[in-house]
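Protein chains: 4
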Amino acid sequence: MNPLKFSNDRPLDIIAVGRLCIDLNANETNRPMEETSTFTKYVGGSPANIAIGSARLGQKTGFIGKVADDQMGRFITQYLEKNNINTDGVTIDKTGAVTGLAFTEIKSPDECSILMYRDNAADLKLYPSEVSEDYIKQSKALLISGTALAASPSREAVFVALEYAVKHDVTVFFDLDYRPYTWTDEAETAVYYNLAAEKCDVIIGTREEFDMMEKLLNIKESDDHYTASRWFSHRAEIVVIKHGGAGSIAYTKDGGSYRSGIFRTNVLKTFGAGDSYASAFIYGLMTGHDVSEAMKMGSASASIVISRHSCSDAMPTEQELTEHMDTAIYETV
Amino acid sequence: MNPLKFSNDRPLDIIAVGRLCIDLNANETNRPMEETSTFTKYVGGSPANIAIGSARLGQKTGFIGKVADDQMGRFITQYLEKNNINTDGVTIDKTGAVTGLAFTEIKSPDECSILMYRDNAADLKLYPSEVSEDYIKQSKALLISGTALAASPSREAVFVALEYAVKHDVTVFFDLDYRPYTWTDEAETAVYYNLAAEKCDVIIGTREEFDMMEKLLNIKESDDHYTASRWFSHRAEIVVIKHGGAGSIAYTKDGGSYRSGIFRTNVLKTFGAGDSYASAFIYGLMTGHDVSEAMKMGSASASIVISRHSCSDAMPTEQELTEHMDTAIYETV
Amino acid sequence: MNPLKFSNDRPLDIIAVGRLCIDLNANETNRPMEETSTFTKYVGGSPANIAIGSARLGQKTGFIGKVADDQMGRFITQYLEKNNINTDGVTIDKTGAVTGLAFTEIKSPDECSILMYRDNAADLKLYPSEVSEDYIKQSKALLISGTALAASPSREAVFVALEYAVKHDVTVFFDLDYRPYTWTDEAETAVYYNLAAEKCDVIIGTREEFDMMEKLLNIKESDDHYTASRWFSHRAEIVVIKHGGAGSIAYTKDGGSYRSGIFRTNVLKTFGAGDSYASAFIYGLMTGHDVSEAMKMGSASASIVISRHSCSDAMPTEQELTEHMDTAIYETV
Amino acid sequence: MNPLKFSNDRPLDIIAVGRLCIDLNANETNRPMEETSTFTKYVGGSPANIAIGSARLGQKTGFIGKVADDQMGRFITQYLEKNNINTDGVTIDKTGAVTGLAFTEIKSPDECSILMYRDNAADLKLYPSEVSEDYIKQSKALLISGTALAASPSREAVFVALEYAVKHDVTVFFDLDYRPYTWTDEAETAVYYNLAAEKCDVIIGTREEFDMMEKLLNIKESDDHYTASRWFSHRAEIVVIKHGGAGSIAYTKDGGSYRSGIFRTNVLKTFGAGDSYASAFIYGLMTGHDVSEAMKMGSASASIVISRHSCSDAMPTEQELTEHMDTAIYETV
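Chains as they are written, first to last, in my numbering: chain A, 1 to 333; chain B, 1 to 333; chain C, 1 to 333; chain D, 1 to 333.
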């Protein structure tokens, strides 16, 4: 079962919108960051990771975002281009903004944390006027991610992108990706998450993220079925609710529900699990697989990335994904 | 013809949300403000004026807003209460915000301008958590006004109020009331006007205001019929487009359209025309009049207010309105 | 005794630097502001009042400051010019700043309060580059007032003016004029008051203002003699410490001390007492009177202004001052 | 010749005030940062480097500053303590500020650049109330550095520290350390540099830094002798003006002037030259060496640090310094 229809006469498969930043991953793991001394630099940010994952899987991928006018910004754009991602929608900040940073600390596979630098981040300086209607209508799908809603003008740029997507039948995927540190107020967060989700075809988030959105409306209980049905009364066709170790459940508008399993792997760190899941799940749906098969592809991609050092650079190719699905042990949960 | 249905088992007729401020109207008119020396103080702000107009016409009226913790703020709350407006939804700022001010300059009936004080205005400090679902569900209707969307947290408070209104079948009136000086960016303005309008039952604005909203979507022509039809595909039942001296036109979802005329009057100043029109038009609709009759009531109220010194204090009672409609000359345009 | 020497070959007697704003004085007195309905507009701001007082007394007066590009700003500049104040040093803001406002509430002669509008005030937008060395060196004296130190760039503009004054032997008068509402932090306030006072020849303030400055340095006791001596080790020649109803005391570097008395009057409000005192005291010193005679002139001017409705417009001419000193009852305290 | 006298009955030799941050030095040198992939983390910031240099040379060293409440902040405090620096004056930010970062790019020994992260930096959040008079009076000397003047409240904290130092006869060293990226306005910068320099005993800066300070006062020519004499009329005893490759010149209040030479070395990068110079020069002066010998010690320290990868961790011990001075080639310039 796969309810999505795509406008197939488009030169791009998917355009991601939002955060482009730098991960600085500690090379010395299993210790607190105070005791690490070197870091390796990678491109990061949820939509960047998903776009890289999509491109590795062979999708024609574009990006709408903004980078700092410095060495970090140039590194990001160059890396996207090396990964065959079209950067026509990536603009360069001229106000002295910096590239967002995420220093990762890996104390143990279960105990990872991130030290963020988000002040004056270039990615949040994307203006509505820098979002091109012509660019968006060239794509079958648009991916948005919640962090881009955290501040103006990026917030409004996302809403403009959504208007164009709706106008031109571009299927919209929304990876909630709620990061509290970039937001100032929980009610503010929930308002914009709800307004954006109304315009999306596929919504992917954790139970906690959906709870945050529902708390605004004084909805007390956490009921997956009810949560999904709220969005089916708007535009959604598929709603995926992730329950961490307990797996995920996808609902479709026609009443179907599908549970995913997990591929066994050697976990190095948990970062990147969500982004790799999203990129392969979307890839599965866009290449005509059933919802449950697409979920399995998402799980396979996630199990690859969490066994590697980076999030972005670790994204599998189509061949790696297939091989992993053939060889790794898949467990239902 | 009147397509609106109201939940009649509610203790309040209408709750207005948003700006509460002070007008300081020059007592010496027909000269530039440099040459005026005294000012008279009135309550002002579009939703405040509409609420006062509604209460004068006999509607059970409430307000959701925020006032400064000073003499101006207390004056506003006291004035609302004297006018029988329920102020349970009016909170008091504790951050040192001030009351917004509008100094009016009346050089001639055609040449009026306003000098605004909107920095650190208390009305824009209304938080989502200060909007009560219980309060809103006690009202048949909610009135929002665009200025409250100009900044956070008031912007999010309005969206929360809209969510509650939709949830509880409260009819929403939206007076666009676009004031460029309170906004920083035209695209930002248009994004939030469009998002709010999607959730409203009746939308009232000038042609220029609708143009501003459509420019974001690269809609070039100014076509009233098209403008109205955009909103009928969302939630709207009635869309009123005002063309200044050329009168207004109202569209209803069923395809009807209605043109208003104008009552002759001695114009002192043009301020307050829109607010008085809105309060009487809404009153007409809520008391079961046809759309065209309600428009005529709006025009009558406007012709009374523009012949008087203030906006708020000049609002007519039901008896004054009826007498004026019986005696003044009504012209179609 | 008068220790001050002036460079007499200068076209201007005194240039005031800093705040130019508007007072809106309640016309209905002896009641809270909630119950007043009309206000009269006057030029206000401590250095503006002192400059107007100086000009009325016949001094060739100039001003360095910034006004808003609106009707209030133009009114201020026009009023200064009508009072024979040179406005070559007054620039016009181009950033959309507004004119600072002070609404006065006169509940009784003893119970007056002010409601201030200081957000985005044009006077605090004065840039160092807008302070002209050529202009300052044309004056015998410079008057600064503490409020101009409250925020950048006005703060730096004052320090630049002080550098030029010291460089060109321009005598500097410092009226402390500490208004807590314009400052965010008491230590910050004290730092800049102390740095500025080091460069001044005459310092005039209340005991409370000097206490605020000394608290930073962990000086516990309030000792007038010690306070004055701190500044004599820098550049000061005269230090005046005001004790409200208990009169003032002036110290001179040579060890002299002088107590002022008070002229009996019919007090309407207490606003403007300090500014009128300063303008006539400075005038007395600059016209060669002894310190104690200059203090008496200050007291006479204050007693005139507090019996009238405004601060600025109430400033006496030389003739009014002389007549008042001849006729009013002077009491030592 | 050495004009400085120290209060020798103090438990600390020197307290540095100001910036504590992190250097992230590219491990792959001789290429643009876009092409580097790993970075090594060091403590950085001019006063931090000088304090570390002082402690390595055996001085009893303290610090007044503020660190972020995160892994970077804890790393800094731990590193200072490991280097025997007293951290009683180091407070921890509780507002969510981050640690300032400096990514270094070493394209060639002559072409180095820094990518700074200074938004919301914890070091600039030091409050005047966090500067302890009791702590400062326990030290013979205080070192301030210009960057701490860049923003409030750190700016005011420095002025408070200067007040305490003057009050308790603590000798003040001022390393100008002007970094344009942390300042918004050149006149603002010059105002505070000049106000601070008035209270310092030893001022160390480049010709360009002194020019920036003098431009404010419309001083056109760059005259070392005149520059030095300006400060001798205030409190300075020694003024050092650095001319890059052309060496430095030190002036003493008694009219003396001394030129330094340069030790030959294998330059890896130029960062850290100024800080290492300052730490050894101050050490020389505080241990009773002549000005010219202290300058030679400064040059020796600089030649060691610029041949190594870091700034802070590269600071020589007393033994290393002595050996280097005995073995390296010293050239007059």
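The set of hints was computed from the structure by calculation and includes no laboratory data.
Where hints are given, some of them may not hold.
Note that the list lumps identical chains together, so a pair holds whenever it fits in one copy or between two copies.
What the hints assert, rightly or not - Below 16 Å or equal to it, Euclidean Cα-Cα: the simulated EDC-like pairs (lysine to aspartate or glutamate) are:
| hint | residue 1 | residue 2 |
| --- | --- | --- |
| 1 | Lys82 | Glu208 |
| 2 | Lys167 | Asp134 |
| 3 | Lys253 | Asp313 |
| 4 | Lys167 | Glu198 |
| 5 | Lys5 | Asp134 |
Just so we're clear, the structure is a prediction, and the values are computed from it rather than from any experiment.
Status of the hints after comparison with the structure:
In this assembly of identical chains, the alpha carbons of Lys82 and Glu208 never lie at most 16 Å apart, being 36 Å within a copy and 42 Å across copies at closest. In this homomeric assembly, Lys167 and Asp134 come within 16 Å of each other (Cα to Cα) only inside a single copy, at 11 Å, whereas the closest approach across copies is 36 Å. In the homo-oligomer, the alpha carbons of Lys253 and Asp313 never lie at most 16 Å apart, since the shortest distance is 35 Å inside one protomer and 53 Å across protomers. For a Cα distance limit of 16 Å, the shortest separation of Lys167 from Glu198 qualifies both inside one copy, at 14 Å, and across copies, at 15 Å.
Taking the closest pair of Cα atoms, Lys5 and Asp134 never come within 16 Å of each other, the shortest separation being 21 Å inside a single copy and 41 Å across copies.
In terms of the numbered hints stated before, the structure departs from hints 1, 3, 5, listed from lowest to highest.
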